[in-house]
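Trainee: So the protein lines, in turn, are chains A and B. Under this note's numbering, think of the first position of the first sequence as 1, with each following residue one higher. Under this note's numbering, think of the first position of the second sequence as 300, with each following residue one higher.
These aren't lab readings, by the way, just hints derived from the structure by calculation. Note that beta-carbon positions come from the ideal geometry of N, C-alpha and C, so glycine has one too. You may find that some hints are simply not true.
As the list claims (entries may be wrong) - Below, computed lysine-lysine pairings styled on DSSO-like, alpha-carbon distance capped at 30 Å:
#1 A:K114 - A:K102
#2 A:K102 - B:K578
#3 B:K578 - B:K590
#4 B:K533 - B:K590
#5 B:K478 - B:K590
#6 A:K291 - A:K179
#7 A:K102 - A:K144
#8 A:K234 - A:K287
#9 B:K413 - B:K478
#10 B:K401 - A:K291
#11 A:K102 - B:K590
#12 A:K279 - B:K401
As the list claims (entries may be wrong) - Covered by chain A, according to a simulated footprint, are these stretches of chain B (three or more residues, beta-carbon under 8 Å):
#13 329-339
#14 369-377
#15 413-421
As the list claims (entries may be wrong) - The following residues of chain B were derived to be distant from chain A, with all beta-carbon distances above 10 Å:
#16 N311
#17 S388
#18 R425
#19 E470
#20 P555
#21 V559
#22 A561
#23 G565
One letter stands for each residue in the lines below.
Protein chains: 2
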Amino acid sequence: MRETEIIARIRNLAGKTNSSRLITGIGDDCAIYRPRPGEDLVVTTDLTIQGRHFQLDSHTAADVGHLSLARSLSDLAAMGAEPLFCLVSLALPAELSSAWLKRFYTGLLILAGKSDIALAGGDLSRFDQVVVDVMCCGRVPRGKALTRSGARPGDVIYVTGSLGASALGLETRTGHAWKRHLRPQPRLAAGIRLRRLPATAAMDLSDGLSLDLYRLCLESGVSAQLDEAIPIAKGATLELALHAGEDYELLFTASPKSRVPAWIDGLSITRIGEIKRGKPGSVRFGKHILKPLAFDHFS
Amino acid sequence: MRETEIIARIRNLAGKTNSSRLITGIGDDCAIYRPRPGEDLVVTTDLTIQGRHFQLDSHTAADVGHLSLARSLSDLAAMGAEPLFCLVSLALPAELSSAWLKRFYTGLLILAGKSDIALAGGDLSRFDQVVVDVMCCGRVPRGKALTRSGARPGDVIYVTGSLGASALGLETRTGHAWKRHLRPQPRLAAGIRLRRLPATAAMDLSDGLSLDLYRLCLESGVSAQLDEAIPIAKGATLELALHAGEDYELLFTASPKSRVPAWIDGLSITRIGEIKRGKPGSVRFGKHILKPLAFDHFS
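When you get a sec, could you build the whole thing from the sequences and use the hints?
Mentor: Set out below in structure tokens:
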């Protein structure tokens, strides 16, 4: 199949752009977006790579499409943003059939539809392995994006849902945990709710609580005290909940004066600790220093 | 080196964001951009892949950095946009030193500085080959972006500069042509000038004149008649000028009533044909049909 035909098919699958603000979608040199007055735009990009983030023998094409978009959408959730549009870059081997390609885009577009994000363009290339890069753009009211840098001493630390399920799934390859690993759900509705609360800082847990909380504390110039109430996913261990990645739950902080609900969008909200003055990035779990042992892409 | 340290170094190299409108750059889940009133945003993304777009034995790290950004900036040029910010996703093997990484970003950031575009974020991953994906965002006054779909029968077809140099350079690996291949220059100033002219349609020549003009005609629902005045780069052949890619010159159309200058930003402007009614996408060169033989990423 020629590139022109493939792009025509993707354009057809993507359908009409879902926003009157997206003036031009797939098919030109660039997509064109007309901003609304009073909005800030947030943009992020995430690589999803064969052998690193997924395997062709365990992940279907639709799983790969879902995962690639979910990883990037999760960053929009962490900023409290409403999704607008995405660009999808895909490199793939000639051995993969056009049916694989179609199922990849179908998996991606089902999540896009649920998340109300338009596929506005991207790039295609042949390569000997599958590499995907998804850029997502979202909107927040001016000045209202949730960042990693807003946590202040005295703020309470919370997490959505439970931790360790994705890593457990990768070990057991079965049941609910495996599904959590294959099809992570970006916490978009929760992110928007946290932005309105407002939370003081937020980020998504992609690399594991110990490393991600370290990063949040570093950006905010604060330290943290975790208590022992970490919500561990059913069947997982404390070790996985503290150090394993890819749960895509939201980690956030809020003023002790904020009324944080026990549930948001069907997700339990658990208080896991408190922001403290002290060495930026330092995190204590009970009486001990918690080292950022979680997943490092370059270690 | 750990990811956190690498990101700190890139952040340092990238310096402060070059725009007061880029509220948050590298270091959070997303970058934050505050649009100006009356502007449209244009966004594009381009993959640059080892073994496909460059080789590690012929391209320095700085060449790869330059090329990755140039390919994406060229799409902004084609829309007549002013660059705002970019996101850079980079997958690379552990064998490549941190010096390679630094030179990659240095090469990319020199072009970014010249092009007045801020490095706002990105993603990093280990992989067994180098894969880069660069998303660029630019701005145009509301409704003024140059698209592929605006060409009308009677419009004159033009091209900036000369064609075939990049492909000649790839063959000869020497002199000016090789430099053109290694370090293509996005025609940003020319694109902005064409937007103000205004041109009726524009695109960048990344895959070769025959395929790219076919695409422009298809999007505009028109056909084209090329005359024999194609500007061939010194030492190149008509064949290369018609069918070889990666010159990154601009192809554009303008009303016969428009006063198109002979030079724009130091580049010669050559009239190469005329837009006609007829089968959409059909291109004639002299008396013959010109098949879109140029580079197809999936053929």
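Trainee: It remains to establish, for every hint, whether it holds in the given structure.
Mentor: Each hint tested on the structure:
1. A:K114 - A:K102: The hint holds at about 18 Å.
2. A:K102 - B:K578: holds (29 Å)
3. B:K578 - B:K590: holds (13 Å)
4. B:K533 - B:K590: holds (24 Å)
5. B:K478 - B:K590: holds (29 Å)
6. A:K291 - A:K179: holds (29 Å)
7. A:K102 - A:K144: violated (37 Å)
8. A:K234 - A:K287: holds (26 Å)
9. B:K413 - B:K478: Judged against 30 Å, a Cα distance of about 18 Å means the pair holds.
10. B:K401 - A:K291: Status holds; Cα separation ~28 Å.
11. A:K102 - B:K590: holds (28 Å)
12. A:K279 - B:K401: Distance ~29 Å between K279 (chain A) and K401 (chain B) Cα, so the pair holds.
13. 329-339: Held - the region 329-339 of chain B has 9 residues with a Cβ nearer than 8 Å to chain A, which meets the minimum of three.
14. 369-377: Result for this restraint: holds, n = 3.
15. 413-421: Since 3 is at least three, the answer is holds.
16. N311: holds (15 Å)
17. S388: violated (5 Å)
18. R425: violated (6 Å)
19. E470: About 21 Å separates E470 (chain B) from the closest Cβ of chain A, which puts it past 10 Å; holds.
20. P555: holds (24 Å)
21. V559: holds (20 Å)
22. A561: holds (25 Å)
23. G565: G565 (chain B) is indeed farther than 10 Å from all Cβ atoms of chain A, at 22 Å.
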